[in-house]
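Chemist: Top to bottom, those sequences are chains A and B. So the first sequence is numbered by my numbering: it starts at 15 and just counts up by one. So the second sequence is numbered by my numbering: it starts at 4 and just counts up by one.
Calculated from the structure, these hints are not laboratory results. Be aware that one or more of the hints could be misleading.
[To be verified] Which chain A residues face chain B? A few, computed with CB under 10 Å, are given here:
| hint | residue |
| --- | --- |
| 1 | Arg-98 |
| 2 | Ser-105 |
| 3 | Met-112 |
| 4 | Leu-173 |
| 5 | Leu-179 |
| 6 | Leu-233 |
[To be verified] Selected chain A positions facing chain B (in silico; Cβ < 7 Å):
| hint | residue |
| --- | --- |
| 7 | Asn-68 |
| 8 | Leu-70 |
| 9 | Thr-90 |
| 10 | Asn-93 |
| 11 | Arg-96 |
| 12 | Gln-97 |
| 13 | Met-101 |
| 14 | Tyr-109 |
| 15 | His-111 |
| 16 | Ala-121 |
| 17 | Lys-124 |
[Unchecked claim] Calculated Cβ distances over 12 Å to all of chain B for the following chain A residues:
| hint | residue |
| --- | --- |
| 18 | His-28 |
| 19 | Glu-46 |
| 20 | Glu-71 |
| 21 | Asp-87 |
| 22 | Arg-89 |
| 23 | Gly-100 |
| 24 | Glu-134 |
| 25 | Ser-205 |
| 26 | Met-216 |
| 27 | Arg-225 |
| 28 | Arg-251 |
Don't be surprised by glycine CBs; every beta carbon is placed ideally from N, CA and C.
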Amino acid sequence: MTTPLPIVDARGVHKHFGALHVLKGVDLTVAERELVFVIGPSGSGKSTLLRCLNRLEEPSSGSIVVDGIDMLDPRTDINHARQRIGMVFQSFNLYPHMTALGNVTLALRKVAGKSRAEAERLGLAALERVGLADRAGHTPGQLSGGQQQRVAIARSIALEPRVMLFDEPTSALDPELVGSVLEVMRALRESGMTMVVVSHEMGFARNAADRVVFMDDGLIVEQGPPAAIFESPAQERTRAFIGQIQRH
Amino acid sequence: MIETFFNIDIIVAAWPIVMAGLLNTVLLSLIVVPLGLLGGLMLALLAGIRHPLVRWPLMAWVDFFRAFPPLVLLILLFAGLPFAGLELGGFACVAIAFFLNTGAYYGEIFRAGIDSIPAGQVEAARSTGLSRLQAMGYIVLPQAVRNVLPDLLSNTLEVVKLTSLGSVVAVPELLYQARQAQSLTYNPTPIVVAALIYFLLLWPLVRLLSRLENRALAGRH
Ligand SMILES: Nc1ncnc2c1ncn2[C@@H]1O[C@H](COP(=O)(O)OP(=O)(O)OP(=O)(O)O)[C@@H](O)[C@H]1O
Ligand SMILES: [Mg+2]
Numbered sequence: 015m016t017t018p019l020p021i022v023d024a025r026g027v028h029k030h031f032g033a034l035h036v037l038k039g040v041d042l043t044v045a046e047r048e049l050v051f052v053i054g055p056s057g058s059g060k061s062t063l064l065r066c067l068n069r070l071e072e073p074s075s076g077s078i079v080v081d082g083i084d085m086l087d088p089r090t091d092i093n094h095a096r097q098r099i100g101m102v103f104q105s106f107n108l109y110p111h112m113t114a115l116g117n118v119t120l121a122l123r124k125v126a127g128k129s130r131a132e133a134e135r136l137g138l139a140a141l142e143r144v145g146l147a148d149r150a151g152h153t154p155g156q157l158s159g160g161q162q163q164r165v166a167i168a169r170s171i172a173l174e175p176r177v178m179l180f181d182e183p184t185s186a187l188d189p190e191l192v193g194s195v196l197e198v199m200r201a202l203r204e205s206g207m208t209m210v211v212v213s214h215e216m217g218f219a220r221n222a223a224d225r226v227v228f229m230d231d232g233l234i235v236e237q238g239p240p241a242a243i244f245e246s247p248a249q250e251r252t253r254a255f256i257g258q259i260q261r262h
Numbered sequence: 004m005i006e007t008f009f010n011i012d013i014i015v016a017a018w019p020i021v022m023a024g025l026l027n028t029v030l031l032s033l034i035v036v037p038l039g040l041l042g043g044l045m046l047a048l049l050a051g052i053r054h055p056l057v058r059w060p061l062m063a064w065v066d067f068f069r070a071f072p073p074l075v076l077l078i079l080l081f082a083g084l085p086f087a088g089l090e091l092g093g094f095a096c097v098a099i100a101f102f103l104n105t106g107a108y109y110g111e112i113f114r115a116g117i118d119s120i121p122a123g124q125v126e127a128a129r130s131t132g133l134s135r136l137q138a139m140g141y142i143v144l145p146q147a148v149r150n151v152l153p154d155l156l157s158n159t160l161e162v163v164k165l166t167s168l169g170s171v172v173a174v175p176e177l178l179y180q181a182r183q184a185q186s187l188t189y190n191p192t193p194i195v196v197a198a199l200i201y202f203l204l205l206w207p208l209v210r211l212l213s214r215l216e217n218r219a220l221a222g223r224h
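Excised from the complex, chain B in its bound form (with noise of 0.2 Å):
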């Protein structure tokens, strides 16, 4: 049983191609997370603004990405966008999909810990001289995010997890990687090991959730 699921010699082996598979992983989590708070901060700020010819617009585009499954989405802009005559390529073309998909949704977070500063902070704020910004900047955006750290933080797990759909389009990230080493050794071992790593990679976010949520409950006691 050990030597089919867990075999060293198999480990051994498959060690630098599961290696350079966790490296695509982090890398790829590395630009599509921070992109995503960046771009849903965007969507959040934007969605502040009531004017009709902002409003639709923006809420058609968080619909659709958050609507539209991640894995569609990817296969769509790998296998469409040649045809428009761009080739970007697996990786890329993993870190635009995931990033207009969880775009949408750290934007939806943001809107919602925006939405839970009272007025008044800001009216008092805009009362004393500081700008709408300046106002967003020190008063709502600090305790916005504080509000909404678990959910945040659940959506990147989110992300990491999403990025082991880019095997489907051959990018060499950690999944990808284990299956290569598999077919090659014959041996479901760096499977096994591929998943043990997404576990440690994500168990201590897993942790840090959890304490943040409980303290979350606590604190409205």
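Same shape as in the complex, but just chain A (with noise of 0.2 Å):
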């Protein structure tokens, strides 16, 4: 039996800030359908290794294949590769000046290249999927945090990307909103999405994550079940880690 090509490939990825070493050969690589939950401490290069993945960011050195792309090749098409890969934001990101639904179908009209009728078809089935087929004409200010969040989900499944890269997505809002957002990822993932969820919200690391990450440093320093790695970590540093943000 041959295992099939993982969605993400990531080896030897090293990023340097100027003088800053922030990511030190980290290797990851994600399954298709799989979970991957990423945890570390402030400053040990999470959101670095995330915005390489999707090449926000350049890489000083290493590899990342996604879904059989090499997106450091020069010469593949950054733009294309993109679709293929969903980004949440922290902070929503959303555009103020446009509605809900123009949020959602800019890039299928932009970049895929669907006519506005059929954007405008997809775009509404993406909200539907967050819940928030009713608000598409809303504008973002006229939404709470947890409902911007949700449409800037929508506006990355709606290009049916082939994995989805979060970026602490429920750390912006308020206790009582990241539910709503965390029923929409769990929705995600049972609709056999893959993905990489970079978040300190540990109950739904138990309870939905495949493989848990822990980061220190620009190093992966430890990786398994999270069974594993919150009630058994092997290494002292994951230990004292977990110690402390499970007193919070």
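Each of the two chains sits in its own frame; use the hints to bring them together as a complex.
Modeler: Take a look at the structure:
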């Protein structure tokens, strides 16, 4: 039996910001339909790693292949490749001058080349999946934080990506709004989406993650099933970090 | 008093001369404002390129034309270019000098507008596959222009006023024509008429500006 190609295959990824060495040779593979949950202290390089995967950040060295596309090959059409990699940001980053539907359809029309009618049909379907079809005509300013983040998720899934990257999707939300976003993420996972999630929502990690990756100081220190990482981490640094967040 | 400053007979006599001046003022504005807007937009877009070979010349360009008094620039072009074998005439010199001056101002305004849009929006757009230029065109510029609309309008007002300096190099714009009429009639009425025309021309813009500024203030609360 041949093992299927991983959706994300990052090897030996280094990233320098000037003199600052932020990623120090990270290897990360994510299989199809897998949910990988990334934890680690502030400044350990979690966001930088995610941003290297879709080349929002240019890695200093290493290789990154997503869905068979060599992301660092200069001949790769990066804008085409990015359609396959959804990204959700801590601060939503919606376009405030457009409606929810406008946010979702922009790339469908301008990147995927759909007609306006087709884009609106797909956009509405995406909003439906995050439970916001009835808010299609609202602008971001008229939506709660949780609703904004769900529109941001719809903006990504409308393009039918092969993998979704989440960078602390609930960190900017009031506690009572976190649940609605996690629910959408859980439904997305159940539909078979491959996901890489940086987050502090340990409850979500326990329930939904296939694998937890602990990063510290630009390196993956330890990874494994949630239970193993949370209950019996092998590394002292992991234990210290888990102990710290569980005290909160 | 009224006989001196608002003499009906003289208004009638001077009318064609003054109207010819108004036409040139409008024409100059219609050339300098769009060109300045376009040039300013180009400067602002170039400012997004951080490469030192773009950045330093660009900064020098903008600083130079903002610091240089537009009247001095105009006279320099008008008096200097013929020595370089270029006879452009007063009208072209006015257009070029004020385009260079106001383009630099419009450029700084556009740049401030572009800088006011959070970078995260562009990153989100890029993550969905939009190119740098598409993100600029669909996400950044529409919001940026909205944010700096009062400043753009205010600068436009200044440009229209600036065109009266064309009289110094004998461009027959509104002020120059009014002075011609004044010296023909030995009466200040044509100047008063020109002043009124400037006011009527610019007053709607000033009103609009006030409304935009009030709206911007209200929007901040
Ligand atoms: N554009 C940048 N320029 C310079 N330094 C940067 C840049 N982006 C990130 N860094 C630095 O890289 C290091 C890793 O940052 P990163 O955002 O990847 O950490 P993180 O693990 O996501 O942290 P957090 O949990 O606080 O989000 C930090 O020291 C940060 O200051
Ligand atoms: Mg981060």
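Chemist: Take the hints in turn and mark each one as holding or not.
Modeler: Cross-check of the supplied hints:
1. Arg-98: 9 Å, holds
2. Ser-105: 5 Å, holds
3. Met-112: Since the shortest Cβ distance to chain B is 9 Å, the answer is holds.
4. Leu-173: Because about 6 Å separates Leu-173/A from the closest Cβ in chain B, which is inside the 10 Å limit, the hint holds.
5. Leu-179: 8 Å, holds
6. Leu-233: 25 Å, violated
7. Asn-68: Since the shortest Cβ distance to chain B is 6 Å, the answer is holds.
8. Leu-70: 6 Å, holds
9. Thr-90: Violated - the Cβ of Thr-90/A stays beyond 7 Å from chain B, reaching only about 12 Å at its closest.
10. Asn-93: 4 Å, holds
11. Arg-96: Holds - the Cβ of Arg-96/A comes within 7 Å of chain B, reaching about 4 Å at its closest.
12. Gln-97: 4 Å, holds
13. Met-101: 4 Å, holds
14. Tyr-109: 5 Å, holds
15. His-111: Constraint on His-111/A satisfied, holds at 5 Å.
16. Ala-121: 4 Å, holds
17. Lys-124: 6 Å, holds
18. His-28: 21 Å, holds
19. Glu-46: 21 Å, holds
20. Glu-71: For Glu-71/A, whose nearest Cβ neighbour in chain B is about 10 Å away, the distance does not exceed 12 Å, so it is violated.
21. Asp-87: 17 Å, holds
22. Arg-89: The assertion about Arg-89/A holds, with a minimum of 16 Å to chain B.
23. Gly-100: At roughly 8 Å from the nearest Cβ of chain B, Gly-100/A sits no farther out than 12 Å, so the non-interface label is violated.
24. Glu-134: 16 Å, holds
25. Ser-205: Consistent with the label, Ser-205/A stays out of reach of chain B, its closest Cβ about 19 Å off (over 12 Å).
26. Met-216: 26 Å, holds
27. Arg-225: Holds: least Cβ distance 23 Å, greater than 12 Å.
28. Arg-251: 30 Å, holds
Checked against the numbered hints above, the structure violates hints 6, 9, 20 and 23; every other hint is satisfied.
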